[in-house]
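The listed protein sequences correspond, in order, to chains A and B.
Take 1 as the starting number for the first sequence in this note's numbering and just add one per residue.
Take 171 as the starting number for the second sequence in this note's numbering and just add one per residue.
In short, the hints are calculated from the structure, not lab data.
Just so you know, these numbers come straight off a predicted model, no measurement behind them.
There is no bait here: all hints are sound.
Here are the computed distance ranges between Cβ atoms for each label pair:
1. 272/B with 91/A: 50 to 56 angstroms
2. 232/B with 99/A: 49 to 55 angstroms
3. 35/A with 272/B: 32 to 38 angstroms
4. 104/A with 249/B: 55 to 61 angstroms
5. 253/B with 97/A: 46 to 52 angstroms
6. 90/A with 279/B: 53 to 59 angstroms
7. 11/A with 332/B: 21 to 27 angstroms
Beta carbons are placed, not taken as given, at the ideal position from N, Cα and C, and that holds for glycine.
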Amino acid sequence: MNSFRTKHLTEDQFASYMVGDAVNGEAAAHLSACDQCRAEVERFGVSVQSLNVVSMAWSESRPSNSLRLRTSSRAAWRLHPGMTVASWGFATGVLLMSAIPLARHLQHPSRESAPVVLSAQESQKQIEQDNQLLMAVDRELSTQVASPEQEYGLDNELSRKSKNRELKAQ
Amino acid sequence: MIPLSCRVSIISELDDIDALVGLYRGRVLRYVMLSVGDQDLADTITQDCFLKAYNGRASFRGDCSVSTWLFTIANNLIRDHLRTKKFQFWRKAKATAIDATEMASFLPNGETSPEARILASERAEQVKVAMEKLSVNQRRMFILRFLEEMDLAEIAQATGMPVNTVKTHLHRAVTSIRKELGGTR
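Pulled out of the complex, with its shape left as it was, chain A reads as follows (with noise of 0.2 angstroms):
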């Protein structure tokens, strides 16, 4: 293929040319005498030059941020095993703080959980002190206070009520 005698370059001397493979005496010779191809190859040039160029101008206009805090906060945790360390020893104590005081909790059962188991002696000492409050309760409630049939005179008109009943019956 003798593109200096044919007419234009190839495609694959084209491609040859461009890409840089291999130097091309003879595709070199042929655009040294060919406008047309010099104008196509410089014009494939200007092309991919304003590319360049304009994408170079894009990406160089991208805000960025800085990576060293990322960078510096990762490598502390990697470069110092010491905080590893310390992180590990912490989780154990507070594991060990709460896990203790269950274990005895467990193995001795507080006092105030526990169920109250009395004599019988002490049982019905107990009773009886009861009751007697109770009724000491009953009494002074009885004397202080009056009932509400007394209160609005009710008592005595609801006990002839039942004498006349009573009479009645008879």
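Let chain A serve as the given structure and place chain B on it in line with the hints.
Below, chain B without anything else, positioned relative to chain A:
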């Protein structure tokens, strides 16, 4: 192999993540954005790329330049994202895609005339539209060769492909773009 003195300077360069980002972010972000076609995803992948590079800086042996190493990491991340269903969805939605005209609006005002800006954005848009018709591999090779101006061996290293495969992809990419630009006879 890079000499020891250069390796020392590279290692100290890698220790300062903000300096690393300042030096290479523009190129990596541009590469990722043109590869995936989505601004937000490109931002995420680029950030991940620098974090991964920083965290794995001890594994950098100095066999290649820092930029080639970063492009290798970016390529791996792009490949991982291309496989996800989430990416397939956003590619269909084209939610935050950007065209060259919009990109051209970021050109510095003082350096370019309005006419030059319009012309540049038209030419850039032609190439960008043509690039979108390429396969993923062809597009990646094309960007690395013509925008990043990497040589074939560097592209092979960054993409993990043999040089001959790189050449084949690039030949097809150039032929296709030439056709789209109206240059085929």
